[in-house]
Structure formats: structure tokens, C-alpha cells
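**Student:** Given next are the chains, with one letter for each unit.
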Amino acid sequence: MPIRCEIVSQDRTVFQGDVDIVVLPGAGGEMGVLPHHAPVLTTLKYGVVKVRRGGKEDIYAVSGGVAEVQPDIVTILADAAENVEEIDVERAQLAKKRAEEALAKGAPKSPDTLLVVEAALRRSNLRIDVARRYRKGENHFPGT
Amino acid sequence: MASAREMRLRIKSVKNISQVTRALEAVSASKVRKAVQAVTATRSYATKAWQVLTHVAAQPGRQSLHPLLTMRPSPKAALVVVITGDRGLAGAYNTNVIRYVAQQFDHYSVPVKYIAVGRKGRDLLIRRHKDLLADFSNLPAAPSFADVSAIGRLAVDEFRKGEVDEVFLLYTDFINMSRQMATVKKLLPLEIKSGEGRVMDYEQHSGPSAAYEYEPDQREILDEIIPRFTALQVYQAILESQASEHAARMIAMHNATDNAKELATAYQLQYNKMRQQTITNDILDIVGGAEALAAK
Numbered sequence: 001m002p003i004r005c006e007i008v009s010q011d012r013t014v015f016q017g018d019v020d021i022v023v024l025p026g027a028g029g030e031m032g033v034l035p036h037h038a039p040v041l042t043t044l045k046y047g048v049v050k051v052r053r054g055g056k057e058d059i060y061a062v063s064g065g066v067a068e069v070q071p072d073i074v075t076i077l078a079d080a081a082e083n084v085e086e087i088d089v090e091r092a093q094l095a096k097k098r099a100e101e102a103l104a105k106g107a108p109k110s111p112d113t114l115l116v117v118e119a120a121l122r123r124s125n126l127r128i129d130v131a132r133r134y135r136k137g138e139n140h141f142p143g144t
Numbered sequence: 001m002a003s004a005r006e007m008r009l010r011i012k013s014v015k016n017i018s019q020v021t022r023a024l025e026a027v028s029a030s031k032v033r034k035a036v037q038a039v040t041a042t043r044s045y046a047t048k049a050w051q052v053l054t055h056v057a058a059q060p061g062r063q064s065l066h067p068l069l070t071m072r073p074s075p076k077a078a079l080v081v082v083i084t085g086d087r088g089l090a091g092a093y094n095t096n097v098i099r100y101v102a103q104q105f106d107h108y109s110v111p112v113k114y115i116a117v118g119r120k121g122r123d124l125l126i127r128r129h130k131d132l133l134a135d136f137s138n139l140p141a142a143p144s145f146a147d148v149s150a151i152g153r154l155a156v157d158e159f160r161k162g163e164v165d166e167v168f169l170l171y172t173d174f175i176n177m178s179r180q181m182a183t184v185k186k187l188l189p190l191e192i193k194s195g196e197g198r199v200m201d202y203e204q205h206s207g208p209s210a211a212y213e214y215e216p217d218q219r220e221i222l223d224e225i226i227p228r229f230t231a232l233q234v235y236q237a238i239l240e241s242q243a244s245e246h247a248a249r250m251i252a253m254h255n256a257t258d259n260a261k262e263l264a265t266a267y268q269l270q271y272n273k274m275r276q277q278t279i280t281n282d283i284l285d286i287v288g289g290a291e292a293l294a295a296k
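For the protein sequence lines, the chains are A and B, in the order given. Take the first sequence: its letters are residues 1 to 144, numbered as in our numbering. Take the second sequence: its letters are residues 1 to 296, numbered as in our numbering.
Possibly wrong hints are sitting among the right ones.
[What the hints assert, rightly or not] List time: in silico DMTMM-like cross-link candidates among lysine to aspartate or glutamate, alpha-carbon distance up to 20 angstroms:
#1 B/K76 <-> B/E191
#2 A/K50 <-> A/E90
#3 A/K96 <-> A/D72
#4 A/K45 <-> B/D123
#5 B/K261 <-> B/D106
#6 A/K50 <-> A/D18
#7 A/K97 <-> A/D72
#8 A/K45 <-> B/E215
#9 B/K76 <-> B/D106
#10 A/K45 <-> A/D129
#11 B/K34 <-> A/D11
#12 B/K113 <-> B/D123
#13 A/K45 <-> B/E25
#14 B/K31 <-> A/D72
#15 A/K45 <-> B/E6
#16 A/K45 <-> B/D223
#17 A/K45 <-> B/D217
Since the hints were derived computationally from the structure, they do not count as laboratory data.
Bound-form chain A, shown alone (with noise of 0.2 angstroms):
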């Protein structure tokens, strides 16, 4: 029996499907979710939720959020969530570039911009390093 599982991010349903078994980052650590999981509640780390249905694995990159498990369903609401195979990763770097200079500028005026920039660094270091390590087709370890 396989359990449903929804990935929401602010801006639109990422995903939504039955699955044989969810992986998420939780607070407490990794966490594989199978069907008739005990109801858990669960901030999430900023991290990547694996999702296997048939053997095939996909993987999504979610930065930050709550999961909310019930023994037929998984909801993850992301912060921010895609599949590694969308991730824009010149555009990750391009973000992480203006981030850092942002930060080596020196203290932004407000407590609010600087989270701002921190939250969009970590952002794009997860885009990068996830779409580095999970992408199809291409070489997971350079130099092995």
C-alpha cells in the first residue's frame, strides 16, 4: 500500500503523488516515512526529500519548513522546494555571488535584510551543492 505525499511550496504544488516512501530532513535528523507512519509534526532542515515510487527515486531540494505526517499521507509545506533535475544552477550561483557581496558590504541596515541574505545564500549553496551531488547523467564525485 503506497502513502500519499504533497509537496507545496509557497508558490506551487511541487509535487503530489503515491509514493512507496518519503525521506525528509527533519529537525531530529533523516527521516524515512513509510505508510502507516505514526502522525508526526516536524520543522525541516534546509536538506532534500527523497521520494521512491517503483524503484524510481526522486529527488527534490527544500529549504526549510514543516512536514506533517499521517499514517496515508505526507504534506510537506517547503519554504522553497524543487526537483534537482529544475534546479536553475547558473542561477544559483549567479544569487549566491550577489548574496556574499551583499554580506561582505559589510551589516545590512536592518536585522530583516540581513535574514533576508542569509536565508538566500543557504538557499543557493543547497540548489548548488543538491543539484551536484543527485543529477542524473552527470559525474556525482569529480575526481574519483
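With chain A's structure known, arrange chain B on it following the hints.
**Tutor:** Same frame as chain A, now just chain B:
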């Protein structure tokens, strides 16, 4: 009866008005498209967030779960966040909201305070001598979550401080282009209504179940998600309202254009008749004069 010159002026002014309303309609049409996009994009997240909140609230022992979920035994004051537009010329859009406010809260069991979002709503509430706590007018056209999170935060703070014991959200739900409905939603403490349209299909498929396990811990996670998801509901309501406003304005302007055209046609006909009448009279005069001359 108006003179021919007056008629001409009137026709011209009606035609001018129809041009203005047509332009407004076109502007609203493009705005409504953007607003609908924004609202449908965030709708799934907001709906899911709301579901999670209701699941949390449906748990056994909710009274002790979190202060924001606790029902207060005898409420003494209520707060209503009223979302309207900043501008008029949107048909009955703004008045519908205010009428609904009156219907729901004029005879409410406890004193009601209001937070107005949108200038029209603020003005109408002041005119009706309501107790206005705050006013968030002139929001940007396509607000981001950060632009409006202060509204939700204020509501949560008032509730936390015990200034109010219930918080409601009153906005216009965008159903489709020709249908928008003033709607009230109880924000705090959370009310579980399983009959709520969009939540229904989900409830059937997985009802609220046993107590959650929390990671990291209950306090921390509820502290984070409850205020945030509450603010998110406000944000979503604002997006819904904006889409509704533009749609309502578009329809209103469309009707206005149609009416103006009809009026212009009617006036034109009247003017033509009048003109014909004068010509006929002139000819009669001339013929009469000619005959009189010929008779001599």
C-alpha cells in the same frame, strides 16, 4: 426639451465616459489576470497549511497545547480584520464586505474591534462609528508575504495580550470571474469546521487522528507554525480579496461601458429625430412661404 446643442454635448460626454470605463475595464482585466495567478499559486500552500492547523487543533487536549489554540471560557472582546479595496468603482465589492460585517458583527455578543485593510473599508467603518484598532491602507498592488505579515502579527499579539479573545478574518473569496463572496473565517482560537469546502476531500481521506509526535518539541514547533500560518491565512485572504476586487471592477466597468453605449445610442436617436424635425419644419416654412408668394 433640450436644445440640439445640449443634446450634442450630452452625447459627447456619454461617449467620453464610455471610453474611460472601457479603459478601466481593460486595466482591471489585466490586473485580474495577475491577481488570479497570484492567488491560485499560493492557494495550495495556504490550504494545506490550514489543514495542518486544523489537524493540530483537532487533537485531544488542545486546550493545553498552545496559548493560541486555547478557547477562552467567556470571551470579552473580539477582533475582526476587514479586508476591502483602496478604491471604489468596483461595483458592490466594498459595500458587500461592509454589509456582511454589519450582518455578522453588529449584534455580536461581545464588543468588537476592527482592523481595516483598505481605505474604503476604513472609511465605511469610521462612518459607522466602529472601534478601529488599526488601519492598513494603500497596500502595494501585488503584496509579498513580508508586506502584509504585520497584519497577522498584530492580530496574534492582541490575542496573546488578552486584549481580545477571538479573532475573525472577513474577506472576499474569489470563486470565479463573476462570483465573489464575502466570507468570514475564525482565525484565533482556531475553529475546526470540517464542512469547509476545500478541506472536505482531504478530511474524508484522512481524518484528524491520534496525537502527533513533535520534532524538535511541541512548544517550539507550535510556536513557530501557528503564528506563521495565521499570518499566511491573512495573506491569502488579501490575495483572494484583491483578485475579487479587480474582477468586480472589471464587471462593473464592463456594465458601465454597455450602459453608456446604450445611452449614447438612445440620445443619438433622439437627437436625429430632433434634427429631422427641425429640417421638416424649415422645409414646411419654405414651402409655405413659396406657396404664399406663388398665390399672389
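**Student:** Next, verify each hint and record whether it holds.
**Tutor:** Against the structure, the hints:
no.	hint	in the structure
1	B/K76 <-> B/E191	holds, 18 angstroms
2	A/K50 <-> A/E90	violated, 23 angstroms
3	A/K96 <-> A/D72	violated, 38 angstroms
4	A/K45 <-> B/D123	violated, 45 angstroms
5	B/K261 <-> B/D106	violated, 41 angstroms
6	A/K50 <-> A/D18	holds, 13 angstroms
7	A/K97 <-> A/D72	violated, 42 angstroms
8	A/K45 <-> B/E215	holds, 11 angstroms
9	B/K76 <-> B/D106	holds, 15 angstroms
10	A/K45 <-> A/D129	holds, 15 angstroms
11	B/K34 <-> A/D11	holds, 14 angstroms
12	B/K113 <-> B/D123	holds, 15 angstroms
13	A/K45 <-> B/E25	violated, 46 angstroms
14	B/K31 <-> A/D72	violated, 40 angstroms
15	A/K45 <-> B/E6	violated, 73 angstroms
16	A/K45 <-> B/D223	holds, 17 angstroms
17	A/K45 <-> B/D217	holds, 14 angstroms
When each numbered hint is compared with the structure, violations occur for hints 2, 3, 4, 5, 7, 13, 14, 15.
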